[in-house]
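Participant: Sequence:
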Amino acid sequence: MAKNFRDFARDLSRRMTDVERTIRRDVPVYLAVAWERMKDANFSAQGFVRGGTANPRWPPRKKETHLSKGKRILHSTGLLQNSVRFTPGNSQVRGWVDLGKVPYARVHNEGGAVHQNVMPFSRRTRGGTVQVRGFSRTLKFPARQYLGPSPDIFKAAQKDIADDVYGSSFWV
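Numbering (my numbering), first residue to last: 1 to 172.
Among the hints, erroneous ones may be present.
[To be verified] Okay, derived cross-link-like pairs now, SDA-like style, lysine to any residue, Cα gap no bigger than 25 Å in a straight line:
1. 71 - 105
2. 63 - 17
3. 39 - 138
4. 69 - 145
5. 62 - 159
6. 159 - 17
7. 155 - 109
8. 101 - 72
9. 39 - 78
[To be verified] Beta-carbon label-pair distances, calculated as ranges:
10. 106 - 54: 16 to 24 Å
11. 9 - 57: 38 to 46 Å
12. 53 - 129: 49 to 57 Å
13. 139 - 22: 42 to 50 Å
14. 116 - 55: 28 to 36 Å
15. 71 - 167: 23 to 31 Å
16. 110 - 7: 40 to 48 Å
17. 155 - 24: 40 to 48 Å
18. 118 - 40: 32 to 40 Å
19. 111 - 17: 42 to 50 Å
20. 141 - 70: 31 to 39 Å
21. 25 - 99: 51 to 59 Å
22. 54 - 118: 31 to 39 Å
23. 101 - 65: 51 to 59 Å
Hint data in this document are derived by calculation from the structure and do not stem from the laboratory.
Small disclaimer: the values here were computed from a predicted structure and weren't measured.
All C-beta atoms, glycine included, are put in the ideal place defined by N, C-alpha and C.
Could you build all of it, start to finish, from the sequences and the hints given here?
Facilitator: Structure representation (structure tokens):
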């Protein structure tokens, strides 16, 4: 009887170690994949997806041109969408954007104003070259959230995590 109990305790300890390792190592990977899918869904739906729908949608462009008409917002080259990265770590997931490549990422996600100083320059016209004085302008960006915490991320990752934990040899 004591041997069976000792074997049971050793087996239970081994299985709990496996579950702990799965939670520490694999769960962040599942969350990173779910977050990546959510980010792509946000760009496709042109709004921050909550509860399966993008509500509210991103505000439309202030000025539509013949080049931008009918095109998706924040997706002219796809650089912003492709620069968002999710790195799984030890018991954590880090979502980040390389601000060296895409310095406008934070302003687009959170909204705000950008102050811009324009240096003096010369402009060519039909009548000749015209000197333009330097000036400053303030650009206002509406918040178009594409990155942030959402309960949908955990719902999406929950199935993969349950399959990994319950589908493992722990319950056999």
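Participant: Does each hint hold? Answer for all of them.
Facilitator: Hint check:
1. Distance hint between residue 71 and residue 105 is fulfilled; the C-alpha atoms sit about 19 Å from each other, no more than 25 Å.
2. Restraint check: the Cα-Cα separation between residue 63 and residue 17 comes to about 58 Å, which exceeds 25 Å; the hinted pair is violated.
3. The hinted pair formed by residue 39 and residue 138 fails the criterion: a straight-line CA distance of about 29 Å is larger than 25 Å.
4. Between residue 69 and residue 145 the alpha-carbon distance is near 21 Å, which keeps this suggested pair within the 25 Å criterion.
5. Among the hinted pairs, residue 62 with residue 159 is inconsistent with the structure: their alpha-carbon atoms are about 41 Å apart, more than 25 Å.
6. Between the alpha carbons of residue 159 and residue 17 the distance comes to roughly 21 Å, so the proposed pair stays at or under 25 Å and holds.
7. Restraint check: the Cα-Cα separation between residue 155 and residue 109 comes to about 23 Å, which is no more than 25 Å; the hinted pair holds.
8. The suggested pairing of residue 101 with residue 72 holds, with an alpha-carbon distance near 21 Å, which does not exceed 25 Å.
9. About 13 Å separates the Cα atoms of residue 39 and residue 78, which keeps this hinted pair within 25 Å; it holds.
10. One distance hint, 16 to 24 Å for the beta-carbon pair residue 106 and residue 54, holds here, with the actual separation near 21 Å.
11. Between residue 9 and residue 57 the Cβ separation comes to about 56 Å, which falls outside the hinted range of 38 to 46 Å.
12. Distance hint check for residue 53 and residue 129: the Cβ-Cβ separation is about 54 Å, which falls inside the suggested range of 49 to 57 Å.
13. For the hinted restraint 42 to 50 Å between residue 139 and residue 22, the CB-CB distance of approximately 47 Å keeps it satisfied.
14. Hint check: residue 116 to residue 55, Cβ distance near 33 Å, so the stated range 28 to 36 Å holds.
15. One distance hint, 23 to 31 Å for the beta-carbon pair residue 71 and residue 167, is violated here, with the actual separation near 43 Å.
16. Checked against the hint of 40 to 48 Å, the pair residue 110 and residue 7 fails, with Cβ atoms roughly 57 Å apart.
17. Take residue 155 and residue 24: their Cβ atoms lie about 21 Å apart, and the range 40 to 48 Å is violated.
18. Distance hint for residue 118 and residue 40: a CB-CB separation of about 36 Å, consistent with the stated range 32 to 40 Å.
19. Judged by the Cβ atoms, the range 42 to 50 Å given for residue 111 and residue 17 holds: they are separated by roughly 46 Å.
20. A hinted range of 31 to 39 Å for the beta carbons of residue 141 and residue 70 is inconsistent with their spacing of about 22 Å.
21. Checked against the hint of 51 to 59 Å, the pair residue 25 and residue 99 fails, with Cβ atoms roughly 29 Å apart.
22. With their beta carbons about 35 Å apart, residue 54 and residue 118 fall inside the hinted range of 31 to 39 Å.
23. At roughly 25 Å, the beta carbons of residue 101 and residue 65 sit outside the given window of 51 to 59 Å.
When the structure is compared with the earlier hints, violations turn up for hints 2, 3, 5, 11, 15, 16, 17, 20, 21 and 23 and for no others.
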